[in-house]
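Keeping their order, the protein sequence lines are chains W and Y. Residue numbering for the first sequence follows our numbering, beginning at 8 and increasing consecutively. Residue numbering for the second sequence follows our numbering, beginning at 8 and increasing consecutively.
Errors might be hidden in some of the hints.
It does not matter which identical chain is meant; a pair holds if it fits inside one copy or across any two.
List time: in silico SDA-like cross-link candidates among lysine to any residue, alpha-carbon distance up to 20 angstroms [what the hints assert, rightly or not]:
id: 1; residue 1: K201; residue 2: P227
id: 2; residue 1: K268; residue 2: M34
id: 3; residue 1: K201; residue 2: N148
id: 4; residue 1: K323; residue 2: M226
id: 5; residue 1: K302; residue 2: P316
id: 6; residue 1: K155; residue 2: E186
Keep in mind the hints are simulated off the structure, nothing from the lab. None of the values given here were measured: they were computed from a predicted structure.
2 protein chains.
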Amino acid sequence: MSIRIGILGYGNLGRGVECAIRQNPDMELVGVFTRRDPSAVKTFGVKAYHIDCAAGMKDEIDVMIICGGSATDLPKQTPEYAKIFNVVDSFDTHAKIPEHFAAVDASAKESGNVAVISVGWDPGMFSVNRLYAGAILPEGNDYTFWGKGVSQGHSDAIRRIEGVLDARQYTIPVPAALEAVRNGEAPELTTREKHTRECFVVAEEGADLERIEREIVTMPNYFADYDTTVHFISMEELQRDHSGIPHGGVVIRSGKTGLNKEHGHIIEYSLKLDSNPEFTSSVLVAMARAAYRMKREGMSGCKTIFDIPPAYLSLKSAEELRKTLL
Amino acid sequence: MSIRIGILGYGNLGRGVECAIRQNPDMELVGVFTRRDPSAVKTFGVKAYHIDCAAGMKDEIDVMIICGGSATDLPKQTPEYAKIFNVVDSFDTHAKIPEHFAAVDASAKESGNVAVISVGWDPGMFSVNRLYAGAILPEGNDYTFWGKGVSQGHSDAIRRIEGVLDARQYTIPVPAALEAVRNGEAPELTTREKHTRECFVVAEEGADLERIEREIVTMPNYFADYDTTVHFISMEELQRDHSGIPHGGVVIRSGKTGLNKEHGHIIEYSLKLDSNPEFTSSVLVAMARAAYRMKREGMSGCKTIFDIPPAYLSLKSAEELRKTLL
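The shape of chain W in the complex, shown without the other chains:
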């Protein structure tokens, strides 16, 4: 019997989930649930329903994958829908994870459902790699570098500046910093030493480019602590050269073992992603399989990637996994 999946929210992430389900033969997509007029939502084939129909389809859906944004959607939606469904989300506001966990856990425990939160690549695969590496090498340092890739939040921040029509911001690790870490030098790095930021900006005709550039590079939190480069380009160039949503990054643990810490070790996990949302969607879908299995085993409550036996993510049986992948 297939695992029956629902998608709540149909943006880049939701579309990615629809594609990913097709690569997983043990899953079946029941429908997309949207706040918009369902007849206006163009999917790749799956039926769209109004979000208010979701609760009534409780018995037709094993896991609801919630594809909203972390700022306002997920803090409300995940606890709400965990009362009805097993759910998975990609909540990525790191500082608010404990709070989100508590709210979702209360809902999911009450309903007896399983809710997997904060999966994707960071939080998600990067987090679990930090955990493994730190458990193996207790004496050491963690490093996370992001990019090269498009930061949606920073691109949005530039778009809010007066005179800007559109913008794309790339986060780029500083090669020398990355190399020092990989060489086991265990450097202490400031924000500025770890990443640079490169911005491609389309300005309104006649806009004051110097002012726009100054507003970008001095913007607190977003750019002021980084070395930032600004390029003004045409809308055609932006659409031609910067329409993708690539991202990636590396998590490195540099640690020591031996009687006198005489041996150095480098553990590195890296991602190079052509499509940030499609990769996140692919993680969400594997986690939906895990949620389904945990529920069947009688578990309930909120779970993170830290709590889930890796085998639960795979379509393969335990025997097959031991035989082919161990």
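Please build the complex by placing chain Y on the supplied structure of chain W, with the hints as guidance.
Relative to chain W, chain Y alone:
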């Protein structure tokens, strides 16, 4: 209360475990158990007992880490000691894992103990990374490269050749192959295209070096399928330049997502290890923590890294993990 650890077998691995325990404040090393005369075993400080004393110390040890070899020790010892203790081993004969699992599982289920087998880096961390990556990107290819590092088995094979006093063999990934994989080219690679082998050999005075070299490079299974380089060096050079046991390698998944597989993704996990046995020991110790916790939760039987929630490996609490690493 500390987790009380025993070490069964005291070679490179056992010594590595003794060092690793010191980095884990929730653990306490009870003793080393050896087939040799305990008074002749020089540890870094822990008491050595004869292996026959182990069973009698059942109540003083929470987890026995079995540090024997995969060829003859572990197939016997792990099932045997799983009858008495929670155990962890690093059994690494990939083809015989299903058989080893079955034997250990029967013992551990009967005794109600938890036995974690085949942990280290391959099998172990490489395996779990293959599992995660394959579950996330079902459409893709796996690649594993080993090295640059010392292969103990290949070094031993050279030492068995007549006229050879000592030898060290390095396994080295072919840079062009690694680059093609990282570029997402998803090449099909033969054994020869993936790795080269480099041998440093100390020959007896007057030995026929041409014959030794020929015997090495044509040796079936070990060298015949590889491009192999042989260097004859002095015993002094061997001891000066090749006394370490470094190793490492990379596991890469190259996969596609999107409606028409239009987006490529590269997931890479890599290790650069100054000491192969000390890293393996560090994994064994983290897994001992997991075995202890699983037992306390009432689980029993044989487990692999695939079955263990990552959080069980860490000293940190679930709350702390979510707050600091997620």
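If you test the structure against every hint from before, which numbers come out violated?
Hint 4 alone not satisfied by this model.
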